[in-house]
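Asker: Chain by chain, the residues:
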Amino acid sequence: MNTHADSKEISDYVDGIVGVFSAKNGIGEMDKEAIHFLESMTVNSSALFK
Amino acid sequence: MICRKKTLKEYFDFDSKSDREYTSNTFIENLRKLRYEIECSGKRIILLTSPKAQEGKSIILESLAYTFSMSKKKVLLVDANFSNNTLTREFAAKPTLESFSMNGHENGIEKIWGITTLTSITNTDIIGCDEGNYTPSEILPKNNVLANLDKVISHYDFILLEGAA
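The listed protein sequences derive, respectively, from chains E and P.
Under the numbering used here, the first residue of the first sequence carries the number 1, and numbering increases by one thereafter.
Under the numbering used here, the first residue of the second sequence carries the number 1001, and numbering increases by one thereafter.
Worth double-checking, as some hints may not be accurate.
Unchecked claim - Here are some, though not all, of the chain E residues that point toward chain P, as calculated from beta-carbon distances under 7 Å:
{"id": "1", "residue": "Ile17"}
{"id": "2", "residue": "Val20"}
{"id": "3", "residue": "Phe21"}
{"id": "4", "residue": "Ser22"}
{"id": "5", "residue": "Ala23"}
{"id": "6", "residue": "Gly26"}
{"id": "7", "residue": "His36"}
{"id": "8", "residue": "Ser40"}
{"id": "9", "residue": "Met41"}
Claimed, not checked - Cross-link-like lysine-lysine pairs, in silico, DSS-like; alpha carbons within 25 Å at most:
{"id": "10", "chain 1": "P", "residue 1": "Lys1043", "chain 2": "E", "residue 2": "Lys24"}
{"id": "11", "chain 1": "P", "residue 1": "Lys1009", "chain 2": "P", "residue 2": "Lys1073"}
{"id": "12", "chain 1": "P", "residue 1": "Lys1072", "chain 2": "E", "residue 2": "Lys8"}
{"id": "13", "chain 1": "P", "residue 1": "Lys1009", "chain 2": "E", "residue 2": "Lys24"}
{"id": "14", "chain 1": "P", "residue 1": "Lys1094", "chain 2": "P", "residue 2": "Lys1073"}
{"id": "15", "chain 1": "P", "residue 1": "Lys1033", "chain 2": "P", "residue 2": "Lys1094"}
{"id": "16", "chain 1": "P", "residue 1": "Lys1009", "chain 2": "P", "residue 2": "Lys1111"}
{"id": "17", "chain 1": "E", "residue 1": "Lys8", "chain 2": "P", "residue 2": "Lys1052"}
{"id": "18", "chain 1": "P", "residue 1": "Lys1052", "chain 2": "P", "residue 2": "Lys1111"}
{"id": "19", "chain 1": "E", "residue 1": "Lys8", "chain 2": "P", "residue 2": "Lys1009"}
{"id": "20", "chain 1": "P", "residue 1": "Lys1043", "chain 2": "P", "residue 2": "Lys1072"}
{"id": "21", "chain 1": "P", "residue 1": "Lys1005", "chain 2": "P", "residue 2": "Lys1094"}
{"id": "22", "chain 1": "P", "residue 1": "Lys1052", "chain 2": "E", "residue 2": "Lys24"}
{"id": "23", "chain 1": "P", "residue 1": "Lys1142", "chain 2": "P", "residue 2": "Lys1073"}
{"id": "24", "chain 1": "E", "residue 1": "Lys24", "chain 2": "P", "residue 2": "Lys1074"}
{"id": "25", "chain 1": "P", "residue 1": "Lys1074", "chain 2": "P", "residue 2": "Lys1043"}
{"id": "26", "chain 1": "P", "residue 1": "Lys1005", "chain 2": "E", "residue 2": "Lys8"}
{"id": "27", "chain 1": "P", "residue 1": "Lys1052", "chain 2": "E", "residue 2": "Lys32"}
{"id": "28", "chain 1": "E", "residue 1": "Lys24", "chain 2": "P", "residue 2": "Lys1151"}
{"id": "29", "chain 1": "P", "residue 1": "Lys1033", "chain 2": "P", "residue 2": "Lys1073"}
Source of the hints: derived by calculation from the structure; they are not laboratory data.
Please read all numbers here as calculations on a predicted model, not as lab measurements.
Cβ atoms here follow ideal geometry from the backbone N, Cα and C, with glycine treated the same way.
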């Protein structure tokens, strides 16, 4: 989501979103923007830490 | 001695009569919890995405499909990751997402069977895509699969989509 608009476009067609975050990588500023987008969605989002 | 990582299929290829406390693993149990959360949410068309590439979208999506299969659910996977169509390659799926349109057969949702591919996971089909430098709104025709997911879901318990990071 940091790089492409694709997932934001697809979000119009779905009931919910699951965000996948790698536990091996830290969360940076760019990632926080994506998380804020997920939070702003009217659909509920969940996060799974792999 | 040569060590190799277990394949995803091997993780799910366990004896259901075995001692769960002895043989279980965190990965499977966390997926069961995620499956429960999704089922309880009442949401059936789910997008899996991540802030950046290589976070594990395809692995989690495929694992979820295995987990839903274990609870006898029928699942459609839609690979909409035009940047990296891992799922399409993994299941040798027909790359039909970009080309299919319901135009001309509005009442023929059954046409969807012509663009799905059976996967090796029980009760799980997939619609594949090609890779290219475009977004869904740029490449998909009018009346495309995504615009008809509300009708397609009548044939499945869940639809899981993967989008580009």
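Asker: Hinted pair, alpha-carbon criterion (25 Å max): lysine 1033(P), lysine 1094(P). Please report holds or violated.
Answerer: Violated. Lysine 1033(P) to lysine 1094(P) sits at ~31 Å, over the 25 Å cutoff.
Asker: Min Cβ distance, phenylalanine 21(E) to chain P: is it shorter than 7 Å?
Answerer: holds (6 Å)
Asker: Holds or violated: is there a CB of chain P closer than 7 Å to the CB of serine 40(E)?
Answerer: Cβ of serine 40(E) sits 14 Å from chain P, so the hint is violated.
Asker: Would you mind confirming whether the straight-line C-alpha gap from lysine 1005(P) to lysine 8(E) stays at or under 25 Å?
Answerer: Given pair lysine 1005(P), lysine 8(E) is violated - Cα atoms ~34 Å apart, limit 25 Å.
Asker: Tell me if the straight-line CA distance from lysine 24(E) to lysine 1151(P) falls inside 25 Å.
Answerer: violated (39 Å)
Asker: Between the alpha carbons of lysine 1009(P) and lysine 1111(P), is the straight-line distance 25 Å or under?
Answerer: Between lysine 1009(P) and lysine 1111(P) the Cα gap is close to 30 Å, so the pair fails against 25 Å, i.e. violated.
Asker: Lysine 1094(P) and lysine 1073(P) were given as a pair; does the straight-line alpha-carbon distance stay at or below 25 Å?
Answerer: Cα-Cα ~22 Å, so holds.
Asker: Is the hinted pair lysine 1009(P) and lysine 24(E) satisfied, with a Cα-Cα distance of at most 25 Å?
Answerer: holds (23 Å)
Asker: Close enough to count: is the Cβ of methionine 41(E) nearer than 7 Å to one in chain P?
Answerer: violated (10 Å)
Asker: Are the Cα positions of lysine 1043(P) and lysine 24(E) separated by 25 Å at most?
Answerer: violated (29 Å)
Asker: For the restraint on glycine 26(E), tell me whether the closest CB of chain P is nearer than 7 Å.
Answerer: Violated: closest Cβ of chain P sits about 11 Å from glycine 26(E), beyond 7 Å.
Asker: Would you settle whether the hint for histidine 36(E) is holds or violated, based on the nearest Cβ-Cβ distance to chain P being less than 7 Å?
Answerer: Result: violated, 11 Å to nearest chain P Cβ.
When held up to the earlier numbered hints, the structure conflicts with 5, 6, 7, 8, 9, 10, 12, 15, 16, 18, 19, 21, 23, 24, 26 and 28 and fits the remainder.
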